[in-house]
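J.: Build out the structure end to end from the sequences listed, making use of the hints.
Protein chains: 2
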Amino acid sequence: MRFIDACLGRQVDTTPVWIMRQAGRYLPEYRQLRKGTEFMDFCKSPTMCTEATLQPLRRYDLDAAILFSDILVPVEAMGVPVEFVPEPRLPRPVRSAADVRALRVPDPATDTGFVMETVSKIRAAIPADKALIGFAGAPFTLATYMIEGGGSRDFIHAKSLMFNDPVAFRDLLDRLADTIAPYLQAQIDAGANAVQLFDTWAGLLSPADFEAFALPAARAIIRRVKRNGVPVIYFVNGIAPLVEVAQTSEADVLGVDFRVRLSNVIGRLGGNVAVQGNLDPSLLLGPAELLRQRAAEVVQEGRAAFGHVFNLGHGINKETPPESVSTLVDAVHEAGRR
Amino acid sequence: MRFIDACLGRQVDTTPVWIMRQAGRYLPEYRQLRKGTEFMDFCKSPTMCTEATLQPLRRYDLDAAILFSDILVPVEAMGVPVEFVPEPRLPRPVRSAADVRALRVPDPATDTGFVMETVSKIRAAIPADKALIGFAGAPFTLATYMIEGGGSRDFIHAKSLMFNDPVAFRDLLDRLADTIAPYLQAQIDAGANAVQLFDTWAGLLSPADFEAFALPAARAIIRRVKRNGVPVIYFVNGIAPLVEVAQTSEADVLGVDFRVRLSNVIGRLGGNVAVQGNLDPSLLLGPAELLRQRAAEVVQEGRAAFGHVFNLGHGINKETPPESVSTLVDAVHEAGRR
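Line order of the protein sequences matches chains A and B.
Residue 1 is where the first sequence starts when you use my numbering, and the numbers rise one by one after that.
Residue 339 is where the second sequence starts when you use my numbering, and the numbers rise one by one after that.
In case anyone wonders, no lab produced these hints; they're calculated from the structure.
From a predicted model like this one, the values you see are computed outputs, not experimental measurements.
The beta-carbon is built from N, C-alpha and C at its ideal position, and this holds for glycine as well.
Please note that a few of the clues may not be correct.
Claimed, not checked - Pair ranges (Cβ atoms, derived): (1) B:549 / A:321: 41 to 47 Å; (2) A:250 / B:605: 25 to 31 Å; (3) B:419 / A:212: 54 to 60 Å; (4) B:366 / A:227: 51 to 57 Å; (5) A:323 / B:567: 50 to 56 Å.
T.: Spelled out as structure tokens, the structure:
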């Protein structure tokens with residue numbers, strides 16, 4: 001598989017491409033499928049999640065499918081209620097050491113079997129040369145949702161717990177690592193060819209705190225999951241100041257957001273670490289010629305990497321015209337030709 | 339003045355300190371003062387803005403006062419209505435070349451005379467050894483509010499205009515530069531000893547677009563304002579990947595957010611550029627001992643700089659206990675002693 005080869009630094013015929021949130025609201029067929037179903041119910045339906053996952057692969061020559069799910073699925077399985085209104089809301093946030101101790105570590109097969117069923121269904125439905133990417137949220141990012149009770153701008157509650165009760169905060173990160181590692185393992189056992197760990201909010205830590213809290217928790221998972229030989233991608237949103245430290249996560253691939261030049265990241269990486277990224281998703285709303293040009297620049301920068309998987313530097317915007325994605329995927333494959 | 343000396347790389351007896359949003363909601367006396375007054379009306383009252391500016395200087399041994407105002411004041415003067423609900427809302431956003439052409443370039447003295455009156459009042463009220471900092475929003479950041487009609491997460495409308503009609507977008511940036519340069523000049527004429535240009539959202543551009551759009555517009559202002567010999571501080575939120583380019587703004591001081599190590603920024607700066615920053619504001623919600631320790635670390639890193647002004651790496655959180663600010667200011671002055 002072209003995608004797996006790029007992750008592992010093997011030769012490829014062209015640069016592989018997939019898109020964060022490629023199954024989602026910018027697609028009219030997705031909006032149609034979602035109609036009348038609550039988001040969490042949708043996430044628990046293997047039929048609907050499989051269909052959502054397959055939709056973008058019918059339209060575009062993508063090199064990978066990514067499981068349709070939500071990073072908060074395992075959080076709910078830990079005993080923390082999750083709602084979508086439509087933004088995530090956790091009405092019983094985790095705010096103390098006692099709250100942390102009350103969390104359970106779920107069993108992936110019994111508590112989130114619907115995810116594993118979805119993974120199997122997708123793997124059976126897609127061509128052999130397309131990879132299936134499983135995923136989970138990284139512990140720090142999941143912890144922020146659990147503590148804040150939803151999204152946040154400044155992460156006051158999360159950082160407050162982290163500074164005032166680092167023991168409880170680490171206990172929470174440990175329980176999350178103990179939840180996520182077998183959760184990803186179960187996805188791999190069900191047929192995922194690679195997994196991505198999303199640390200969406202870790203870039204809002206100072207570098208010292210990223211290194212002290214977010215990174216070790218992510219690394220604990222990556223080490224356990226890597227034993228399978230499937231590539232692990234670690235996406236840190238806002239990675240620019242954290243590249244050297246993020247590399248110690250031992251991930252095979254670092255996901256790179258669009259706020260840094262890919263060539264800068266590649267130049268700072270030693271050893272056999274591939275990169276994934278990093279076009280600004282808003283270029284999909286601009287003229288096709290500019291999109292092709294900027295995509296080709298990213299592909300060009302990526303040639304210097306140990307391996308390069310093309311992606312956006314953030315999830316695709318729901319306002320994106322679907323035809324822009326065709327333009328992008330074709331431009332990447334054309335520019336990346338060896 | 340200790341603050342001015344540090345900005346210009348002159349010797350100081352200790353590290354000067356001020357705090358972004360030091361006059362604001364974390365202070366009970368500020369909440370009292372604001373009670374019953376709409377935010378924009380408050381911004382237009384020299385008496386109230388002067389009082390708000392002075393409040394933190396009565397409590398803390400800060401080295402500078404910063405004008406109490408809002409970055410959207412000159413935007414309203416350009417003919418774009420601004421509301422606060424309490425987040426900023428601009429009900430008639432700028433979305434086309436025609437919208438841009440309809441904007442007026444205000445006269446700072448007649449259209450925003452209340453700001454200049456406030457500056458004079460503050461300068462007359464504070465001790466001679468305390469600096470008064472004037473400020474404005476940088477063109478790109480102001481443009482995002484004007485185009486989005488408020489705050490945003492992904493800046494879809496702003497980037498869409500930027501990519502689809504770069505001529506109109508540059509016209510908007512030019513008009514903003516032509517508004518902000520004389521606006522800052524008038525603050526200096528009224529008594530400001532330094533000025534800060536806030537580019538809060540420029541860090542959400544890819545480095546190529548930062549260099550192509552945000553930076554030249556900020557530099558146009560900085561060049562015009564610098565003729566006065568007063569220090570100009572350029573704060574780019576998310577500066578980590580942009581340090582080398584931001585330096586070409588010709589600002590005397592670069593403001594640094596907390597998501598990068600100050601020592602990293604200092605090591606990448608050539609020439610005579612001072613730095614300002616960069617403690618994570620959420621440390622003010624943690625234990626005093628940790629706050630003192632982390633503040634001392636930042637002070638220590640700052641000793642390698644051409645000049646260092648201590649600040650938070652982002653505005654202070656409204657949840658901050660006021661006594662933490664005392665702890666911080668004293669810790670900085672103690673750790674910075676030469």
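J.: Taking the Cβ atom of residue 250 (chain A) and the Cβ atom of residue 605 (chain B), is their distance within the range 25 to 31 Å?
T.: Taking Cβ atoms as reference, residue 250 (chain A) and residue 605 (chain B) lie about 27 Å apart, which means the hint holds.
J.: Just tell me: holds or violated, for the beta carbon distance of residue 419 (chain B) and residue 212 (chain A) against 54 to 60 Å?
T.: Violated, at about 46 Å.
J.: State, for the Cβ atoms of residue 549 (chain B) and residue 321 (chain A), whether the hinted interval 41 to 47 Å holds or is violated.
T.: Roughly 27 Å apart at Cβ, these two residues miss the hinted range, so it is violated.
J.: Is 50 to 56 Å respected by the C-beta to C-beta distance linking residue 323 (chain A) and residue 567 (chain B)?
T.: Holds: the Cβ-Cβ distance is about 54 Å, inside 50 to 56 Å.
J.: Can the suggested window of 51 to 57 Å be confirmed for the beta-carbon pair residue 366 (chain B) and residue 227 (chain A)?
T.: holds (55 Å)
In summary, the structure is inconsistent with hints 1 and 3 from the numbered list given earlier, while agreeing with the others.
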